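J.: The lines below spell out each chain.
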Amino acid sequence: MNSTTVPKTAAEVFPQKPPEKGMFISLGPQHPSTHGVLRVAITVDGENVTSAQPDIGYLHRATEKLAEKRTYPQIIVLTDRLDYLAAMTNNWSFCLAVEKMLGVQIPERAEYIRIIVGELQRIASHCVFLGTYGIDIGAFTPFLVAFGRERERILDLFEEICGARLTYNYIRIGGVMADTPVGWEKKVRDFVKEMWGHITEYDTLLTYNPIFMDRTKNIGTMTPEMAIAWGVTGPNLRATGFRADVRKDDPYGLYSKMKFDIPIGKQGDCWERYWVRISEMRESLKMIEQCLDMIQPGEWMAKLPKVYRVPVGEGYGHLEAPRGDLGFYIVSDGSPSPYRMHIRAPSFINLQALQQLIVGWKVADVIAILGSVDIVLGEVDR
Amino acid sequence: MFELGPALSHLFQVMRSFATSHGVSPVLAILISKIIQTNIIILLVSLVPMLLVYAERKVSAFMQARLGPMNVGPWGIFQTLADGIKLMFKEDVVPSGADWWVHFMAPVVAVAPVFVCYAPVPFGQGLTPVDLNTGVLFILSVSGISTIGILLGGWGSGNKYSMLGGLRAAAQLVSFEIPRVLSVVPVLMWYGSMSLRTIALAQQGRWFNIIPKWFIFYPVIGQVAFIVFLISSVAETNRTPFDIPEAESELVAGFHTEFGGMKFALFFLAEYAYVFLASAMATALFLGGGDGFLLPNGIIPSWIWFLLKTFAIVFLFLWFRWTYPRLRVDRLMQFCWKFLMPWSFVNIALAGALVLVRMR
Amino acid sequence: MSHLPSLVFYAMSAALILTAIGVVTMRSVFYSAVSLVAALTVVAGLFLLYGADFLGAAQVLVYIGGIMIIMLFVVMLSQRPHDSMERQTNDQWFRALCLALVIGISLVRGFRIFINQMVSTVVPVPTSASLGRLLLGDMLLPFETVSLILLAALVGAVLFGQDKKS
Amino acid sequence: MNSEQLLASIQAKFPELQAIPKVQGQVRGDELYLAVPPEKLTELCRFLRFDPPLAFDFLSFVTSVDWKDRFEVVYYLVSTLHKHKLVLKVNLSDRANPEVPSVTEIWAAADWQEREIFDLMGIRFGGHYNLRRILLPEDWEGYPLRKDYVPKPDRYD
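Protein chains in written order, with the working numbering: chain A, 1 to 382; chain B, 1 to 360; chain C, 1 to 166; chain D, 1 to 157.
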């Protein structure tokens, strides 16, 4: 990518005054395709969208303010509720930042468990995306197959290790909550073996379905320049053909030991955003297999005192969450709770690109584009 | 085996003679028997959607790795009945921005033609309610009236999404009516009749004593006509992949967004009745009606054959719905005008040539 | 019982007249269009009543299934909120009334004269086959001419309706 | 480029800028921390973004900290080409009327993040094209992330 090209700035994209011509459509906050309580105010000229302004905040719970009143281990609970489809990576990202500040060494077994659950979580999250995107496009069956069958299996696995199915609070500062139960690794291995076949099934059901490709190919294209300028990360950025992944660029945990590819697209249209996620599921399976081969019995929690204080200073830990670069910026004043915590929420930052992404496309494509960006409103509004 | 048609007509004859022998005027007796027959049809048309809704739920469930309704009755067979009762007792909500009269008329206009449309369908030997000479044309034209009901629903709800759904429905249904009618033309040309009963009867017989002489087995013209008819029928019944008038993810529920209770049930009833009607038409036109195959004649009565074939095609409808995503509006129109239409014209020309060859 | 057809006929005619009046008197364009649909349906019923089954079916297929849906489509797209405010008559209502009266009287008188001959020529047999023979036999030239004119009209409409820019 | 080289190439253009030194006993990342006065911010950002050897094209996040006596706006910059990182810190001592120039002209990614800071911390971004509340309702009073924020009891309290 030529980084000297001038990106489109926000002011250029969305001029001060909304266009006077055209019809106003308010998509949401109660609409089947907004995946939560999101409202997109769209003006259309005929069939073409002339401006789109997402309106958020319906789910704002002031997580950053709440964090200032809680101790560090208590904040992990809050992070579960951000991206509720990928709570494991949220836990992990927060712990990463705190561990950086504490300077603790994580036991190897815990690192492997973290990768296994993190990648399982990625698969589960992409399964939800696949299902809901299918519904957006009008195919109902992929939802019940991906969401109701494979994701359930992953949730069952999570339930076994931590007792919860959605808000896990499993990854803790210094390791993980508990060791895996007896026979769990075998179950994961069985699941991974099955999952390879299921992904092929998705391909036949949706990915290469001619109607699906017709709806999504060459729709909502995004250039790498545009994506970088808007701060877009994760599969949305990789679909544009830009090879960027925190797991490779800024390896955390034991990802430097893993062998995996970063699937990238060519032109960043809806289909490639979808395809990148499907391919990522395969890469995740590869990583889980590697971890299962390498994992050894041992400690799962670092030796930490019961009550510990994070030293004065600041730390930033980020990782590749299913929706992009999820980071926690923590400022500590030495007290038991952080002085300030900021969440770099990938959904929030990806969603603002929608202002430019939708403009110029037909009304019928809006749903396809909105779905392909894959946002979780819990993370957008925090 | 048990043929329903002759038995029924015998029953009606007995009833009529019984009535006339007890001093009822013959005209009145005929009228009463006609009314009873009509009511049987209406009952059938009302029962078929219930069956289809159950079938749809079960078929979709098995396609989606789940079980579907299981609680009401064994294997949930009374689920649809329970739903129907629930819908009857629901409050009839009319939105304040709606036009009350239009909102009320919409489901009525949508559902009324369905009952009439079942009149010329040959359900089996001697089971054609009314053998109309223009049966095919009659069904195709009268079913078009339901579109008006959809338009009324879209306009009368006073809702942007309903309105868009109604507009989309109008554009789609008018467009797909044309290839649907054109796809039937080769059948009419070949058999020289528009009566569904005559067409179904004309398809009896075997080539080489094996292949049934159904129209679908006529090389090229049969298959092309059948496929075009099937696709445009799916579009006419607003089902996935052509369900853009009620596209859930785009238009909430399209034209029936603001309908609840019995009004919604009527729209639903119309949709499923049309699915069954289209399948029954396809059976009579392309699959030889009540003509059996493989087994020797008479082992299975013709009406069971007819229903079996019809349900096989209904299953195709369900299969499409739970497999395909939805087309985009402009692509839908392109598909209709640039693919289905030319092919049906080519097919008509081909059929004409074949008819000429046969006349030689 | 033998009066049944004529009873049905009178009922239908009354409905036809009522809906036709509705078409011109309704204030909302949408209501007018809907009454026109009803009127055309009744006309189709009249055709069926006299054994012109093909004509009846074609009437429903073409007028209701096609033309009226397109008309409703247009009405829905161009609905105006001031429909109910608009006057239903204009300055020429008196002249129009005179003309309508003249045409009505001459129609009634004309039917009185020809009615006997017309009734005797009605043949209640299936019409579709004979209609087809007529159209592609004796009437081939007019039929083809009409279709050519319609085609020309279609092409012309597309040409005029085209966007100047493209 | 490592931190020293980065600092050198920035100071070649802006000699008055100083790196924030790491205090003994405090934890911090390995990135270069740079203190920037608000009036220099736009000029510096433009240089950082468009100077080919620097090419900080990716604004990872913008956030703010309320230090009771002052506000601090933090910019976390990444170059996707050279893979180097930089943290900019802008101190705003005027508590009553804190204002920094907006960087939306340079990185579109700052758009909503600046709005969020305005919404929750009450820092104005001069030149932002659409500076409105984003998460809270338009008629919300006060800025919740400030340390002196007192929540108004609502009907649930």
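Bear in mind the hints are in silico, worked out from the structure with no lab data behind them. Everything numeric in this text was worked out from a predicted model, so none of it was measured. Be aware that a few hints might be false.
To give an idea of the interface, some chain B residues facing chain C are shown, with a C-beta separation under 7 Å as derived from the structure [stated by the list, open to error]:
| no. | residue |
| --- | --- |
| 1 | Leu127 |
| 2 | Pro129 |
| 3 | Val130 |
| 4 | Asp131 |
| 5 | Thr134 |
| 6 | Phe138 |
| 7 | Thr147 |
| 8 | Ile148 |
| 9 | Ala170 |
| 10 | Ser175 |
Listed below are the simulated SDA-like cross-link pairs for lysine to any residue, each with C-alpha atoms no more than 25 Å apart in a straight line [said to hold, decoys possible]:
| no. | chain 1 | residue 1 | chain 2 | residue 2 |
| --- | --- | --- | --- | --- |
| 11 | B | Lys338 | A | Val363 |
| 12 | B | Lys34 | C | Leu99 |
| 13 | A | Lys306 | D | Gly25 |
| 14 | D | Lys152 | A | Lys306 |
| 15 | A | Lys65 | D | Val65 |
| 16 | D | Lys83 | A | Val363 |
| 17 | D | Lys68 | A | Gly103 |
| 18 | A | Lys248 | D | Ala55 |
| 19 | A | Lys100 | D | Val65 |
| 20 | B | Lys338 | A | Trp361 |
| 21 | B | Lys34 | C | Ser35 |
| 22 | D | Lys89 | A | Trp361 |
| 23 | A | Lys100 | D | Glu138 |
| 24 | B | Lys160 | C | Ser32 |
Facing chain B, according to a computed beta carbon distance under 7 Å, are these residues of chain A, among others [what the hints assert, rightly or not]:
| no. | residue |
| --- | --- |
| 25 | Arg109 |
| 26 | Leu166 |
| 27 | Ala364 |
Ideal Cβ placement from N, Cα and C applies to all residues, glycine included.
J.: So, for every hint listed, does it hold in this structure?
T.: Going through the hints against the structure:
no.	hint	result
1	Leu127	violated (21 Å)
2	Pro129	violated (16 Å)
3	Val130	violated (11 Å)
4	Asp131	violated (11 Å)
5	Thr134	holds (5 Å)
6	Phe138	holds (5 Å)
7	Thr147	holds (5 Å)
8	Ile148	holds (6 Å)
9	Ala170	holds (5 Å)
10	Ser175	violated (10 Å)
11	B:Lys338 - A:Val363	holds (23 Å)
12	B:Lys34 - C:Leu99	violated (47 Å)
13	A:Lys306 - D:Gly25	holds (22 Å)
14	D:Lys152 - A:Lys306	violated (36 Å)
15	A:Lys65 - D:Val65	holds (12 Å)
16	D:Lys83 - A:Val363	violated (39 Å)
17	D:Lys68 - A:Gly103	violated (28 Å)
18	A:Lys248 - D:Ala55	holds (20 Å)
19	A:Lys100 - D:Val65	holds (20 Å)
20	B:Lys338 - A:Trp361	holds (23 Å)
21	B:Lys34 - C:Ser35	violated (31 Å)
22	D:Lys89 - A:Trp361	violated (39 Å)
23	A:Lys100 - D:Glu138	violated (38 Å)
24	B:Lys160 - C:Ser32	holds (22 Å)
25	Arg109	violated (35 Å)
26	Leu166	violated (20 Å)
27	Ala364	holds (5 Å)
Of the numbered hints given earlier, the model fails hints 1, 2, 3, 4, 10, 12, 14, 16, 17, 21, 22, 23, 25, 26; all others are met.
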